[in-house]
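Engineer: Residue 115 in this note's numbering sits at position 113 of the sequence shown, and the numbers go up by one each step.
Hints may be right or wrong, so weigh each one.
[Unchecked claim] Straight-line alpha carbon distances no greater than 27 Å define the calculated DSSO-like cross-link-like pairs of lysine-lysine that follow:
no.: 1; residue 1: K296; residue 2: K281
no.: 2; residue 1: K96; residue 2: K297
no.: 3; residue 1: K68; residue 2: K41
no.: 4; residue 1: K297; residue 2: K41
[Unchecked claim] With beta-carbon atoms standing in for the labels, derived distance ranges:
no.: 5; residue 1: T121; residue 2: K317; range: 48 to 56 Å
no.: 6; residue 1: D208; residue 2: K41; range: 15 to 23 Å
no.: 7; residue 1: C198; residue 2: S47; range: 22 to 30 Å
no.: 8; residue 1: A284; residue 2: Q91; range: 38 to 46 Å
no.: 9; residue 1: P288; residue 2: I132; range: 48 to 56 Å
Because the hints were derived from the structure by calculation, they are not lab data. Each residue gets a CB set at the ideal place from its N, CA and C atoms; glycine is no exception.
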Amino acid sequence: MVPDVNHDLSTRIKDKAYELGFNQVGISRADADGRAEDKLSVWLSRGFHGEMTWMERTADKRRNIKNVFPDIRSVVSVAVNYYTDHAPQETGGKGRISRYAWGDDYHYIITDWVRQLATWIDAEAEKEGIPCESRTYVDTGPILEKAWAQRAGIGWVGKHSNLVSAEYGSWLLLGEVLLTVDLEPDMPAPDQCGACRLCIEICPTDAIPEPYVLDATKCIAYLTIEHRGPIPAPYHFDMGNRIFGCDDCLDICPYNEHAVPTFERAFEPRTYALSPDLKELAEQTPAEFQITFKKSPLKRAKYEGLQRNVAIARKNDSQ
């Protein structure tokens, strides 16, 4: 039986999300079709998650959102455009940082907006006498964010395993509000990759063994951010001057050709972001690292990890 949905509240939730600053918002029922969940099981069985052991530990929750929030009825997915109209400065002695890390850590920005949205929904539901509880996530909970965003119509999961929006391309950051109220769901976004294979072919380390599958253990983003300890030597040359992340599969996507710059100033590049000096970074002390990268995504790599990445980039730069 299809549940009764609150059409008016659904519309007002979207209006409020846009008012808060989100660029896209969509709603889905909390019943998964199982396809993304099955893909997760296969992906884990192939060991493509590498050292991200939390993916395996929380697999049961990721496969069934009711294991996260038993009374959930709806998922409100929101997205923020982080694209800024700048380009890295490709000169000798400089490193390269992934675009999402040019500005402030998005967790500090989006988490506040998502919580504000959840608080507003709870209050509006209470006014109408609708029992409602909520939970919020911004890349922090054991849920399949991209799958829920696709179900909510925001975009589709591309062949590079990132979300692609027909309007904003791949430059989106996601958040979710889980709710115990039945809302009007949106139509899922159709896959619009077609026969394109550009992201697969451009990957410098062949980390996309087949469409829609990412082998994180070969991905430069994983190796420079999540991986702890030495990076295997076969990947050093292909890292080039990348010291935090890699955007090759995003930059090449045709849906990013007409990307719209964000209005959120916190995503604007910090002074070092477009052309970080490798020598200066190599000479940083742990205390200087903490000051330079305060509230920056680069702290995710930790001091030792960034020093490791910088050493490889400097070696490549000297060859």
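Engineer: Hint by hint, where does the structure go against what was stated? Just the numbers, ascending.
Structural biologist: When the structure is compared with the hints, numbers 4, 8 turn out to be violated.
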